[in-house]
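Residue numbers (my numbering), protein chains in the order written: chain L, 523 to 918; chain Z, 1314 to 1874.
Don't take every hint at face value.
[Unchecked claim] Taking lysine-lysine and the DSSO-like style, the derived pairs with C-alpha atoms no more than 27 Å apart in a straight line are: (1) Z:Lys1857 with L:Lys891; (2) L:Lys675 with L:Lys663; (3) Z:Lys1378 with L:Lys671.
Derived from the structure by calculation, the hints contain no laboratory data.
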Amino acid sequence: MNRLVVRAYNVGFGEAILVTVPDKSNKTGKETIRHILFDVGNLAVGAGSGYRVFEPVVKDILKRIGRKSVDLYIMTHEHYDHVTGLYDAHKRYGLGVNLDYAWLTASSATGYYARHPAARRRRDLIDAHYRGVVRYLATTKEKQAKALKHLMKNNDPKRTRTRVQFLKSAGGASKHTTYVHAAKRLKRKIHHSFEEARLTVLAPEEDTACYPLGLMPLPLMMGSDSITGGRNKPYESAVPKPPNGVDPKAFARLLQRRKRGLATDILAIDKAANNTSIVLMLEWRGWRLLFTGDAEEASWIMMERQKRALKPVHFLKVSHHGSINGTPDDSILESILPINPTDSRERTALVSTCPGTHFGDIPHGQTLKRLAQRGVTVRSTTEVSRGKAVEISFEA
Amino acid sequence: MPRTVRMPVLIWDRQYLREQKKPEPSDILLATPVEDFDLPDDGKVIDGPVTPRVAVLDFDTDTGKLRPGARFIPQGRGKTVSCFDIEVPETDDEQVLMKAFESDSFIQVNLFATVMKTIRFFESTDALGRPVTWAFDSQQLLVVPRAGLLANAFYERESGSLQFFYCPSSVGHMIYTALSPDIIVHETAHAILDGIAPDLYHAARTQSIALHEAIADLAAIVLTLLNEKIIFSLRYISSGKLNIKAALSKVAEEFGSEIRRDVGADCLRVLRNRRKLDSSSVDLADPYEVSEVLSGAMYQVFMHYANGNGSEHPSTSQDILKSGGKFARLIFRGLDYLPPGEVSLADFARAVIAADMAFHGCKRIEQQWLASELVARKVVEQENDLEADSDFVGRRLNGVRCHEIFESDAVAERFAEDYRELLRIPAQADFKVQQRRKRIRVKRRSKNQESEKDLIFRVTWDAEEEHDLGARFASRWAYTAGTTLVLDWKSRRVLSILTANRGRSQYADRNRTLNNWMKRGLLLTSKEAVGVDGQTRNDAIIAKKAGKAMRVSGSARVLCS
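Using the sequences provided together with the hints, build the complete structure.
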């Protein structure tokens, strides 16, 4: 085999990418076919049976790896739409994938928050806000937008924790699990088995407190109960009336505004997890491929600020399913996909996405247009039917 | 005797209770960080506290209900002082005091009283010399003392409210931003400044937003400097060892030391700094850092007042109090002289100097202090850049009737058309005359006071310039420009005429700011800003269509997160 192959599966709203890499031994020159598997998960938007897609996907992955182990599994971040696939395939269909090495985002490590007090405070705040929103939604009689419900599910710490726990042990099959961040030195045989291919982690930073949280909530349910997750006081679903002497219009406007903060809060919580995404540069025989998870603007800014090696690439996995917030602005984009390419090799951007969901403009048309305007071929998992994969090859 | 409502207010940060040396029992009154604030009783104060101008709404964010407001107790027969049903124990026992301060009624009344104290300061002849007005569509500012769990507090025009959050400290107690005098004054000042200079709320310039922050910080510091009990107590408690001028330059100690614990800070911001308007000193796209350039420069002026020569030697308490008064008058009288539109730090300094000239009719040494400080901090290149067009001592606008301009929109518009050139309205530009203001100008001459009236006339127009932010946005961006003319009501002499500076530096500031917001994902088109609930997101700065151009809306929200 003389080509590197990226297979991106159409899993609906989520991500599953298998990269097949011919890897030569530096000593013997012998070539070994190695595999990197990213995430596998989806949000199961709408259908309620979204797990079904994992049967054909995981079967195909097992077929491609020849029923051996995946050399390196990468869980980019702890979001439901990125972590649930291997768990569901194992539990529901008995399809187990063995992992030689597993890289999980640093903040998913046991004891991480004890070592990083600022991140701990941030996590507590996020959890408290999440619980507050859950309480509010559970008691209010107002109809909630479906996109809000999906976002709640994607950020549900309990639901995600079970899946992440499974991946941490990889069903007991992983030989080595490492919690990675940009500053961690990753060595062959200890953290991975690649010899020829070069792997560089560009994000996240070890202490996730460095990313702005951006919470600007005007919440209704963010009281001290939300710190403990307690349900000490029943929530009053009736809208309070303005007290004597208070301008009723101004009062109504204040309540309306505070309620609106709910959606903004959830978005901020979502962003916080996205910015813990592992961003990986894979270099192989002159090709550079950049896998970005769901990294958002703040992560890109941090990579630029920390002078991480943002080099021109030939392949970009478009971050965050093609959302407006996943692709950096032109000044950063220019360092990875310059308008004037540094060589004559073809350049491809791949988006793993699911249009027509309640999330609105995903993938964001203008963002894909910006990539195309740089002379990049934009591919999408939507080119194939659910359960199938888009294949992109890089000849040696 | 005039009738008043007497309320207890915390006068300094609770942090001092924990850190400072405990006084002798006989000095409890001096050490208790509470004093009485007397609000003239117009008969409109009710439970809450609620008045037609300010209403406290104490939500219980665990239940969604409103907590009962503090009970108002009207004065008895033959008495002149009313109060609220609230008790502050006279003790130096920290635990007892803390518990008392965290009672519902204390939190509500203290917040209301501090907001009112701030409003009354701004309305005094030491500052605006006129009633404060709000930028939102209500006469009543809503104040939420416990808005939820978050290390934050903010003013928000869209809801016409001040919202104070709370967060657990690292040592276990709860930090209420509504119990921090500095934070309350700071947020109230934001609301007041929004009424004075509403264009800043939608500005596309970091310096304009930084100005909001600097004024709010300066208000917090000034109200401390004007407080006799604080100044005398600090000197006493510290046995004269504390560098009072350094201590007084710190804003929000309890809250700041908690949220900035990782960097070892002991407060939210220090006004005694050497920040320069230069990328090697501050992040020019960060409004908080840029604000410190101006507030630092102004605080240095206070140091000149207190020391005469800016030395580090301790001044007497009386010196500090007197200096605080002069400092307050210098800063806040200038606010109404500020031109409308997207103003810079230098524009504010020009307004301060113009107002000082108008009040005193001459150049004074403090104008020189300020100018040289701003040159040193690279806000302007040379002192001449701060000279305002206020040298109109002999000039009168004959035939102009101030009261007619003040009262009639039609007369005001005709005046603007007639004086287009004087007001620097570009030829062919459509303009908008803003609500006129009338302020009292008090001149202190030895023991006598003379008061005169000023007419403040503001006119705005739209200007456009090009910024390439990619295909998502239009290439042309509209912003508000304008002129403020101040006329002596009686003589019709021009006291000041200021137009926002429109040089290359303004363009560069706007370009940097817009690009920064875009990069951080904060700047969104109206369509992009729709959140997952189908409503416009609270956190977005929106690029709205304005004809073929785009215009920034809601940028002051960057100060809320």
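Taking the hints in turn, this is what the structure says about them:
1. Simply put, Z:Lys1857 and L:Lys891 have alpha-carbon atoms about 22 Å apart, close enough for the 27 Å limit, and the pair holds.
2. Proposed proximity of L:Lys675 and L:Lys663 is supported: the alpha carbons are some 19 Å apart, at most 27 Å.
3. Only pairs whose Cα atoms come within 27 Å are accepted, and Z:Lys1378 paired with L:Lys671 is accepted, the gap being roughly 25 Å.
Of the numbered hints listed earlier, not one is contradicted by the structure.
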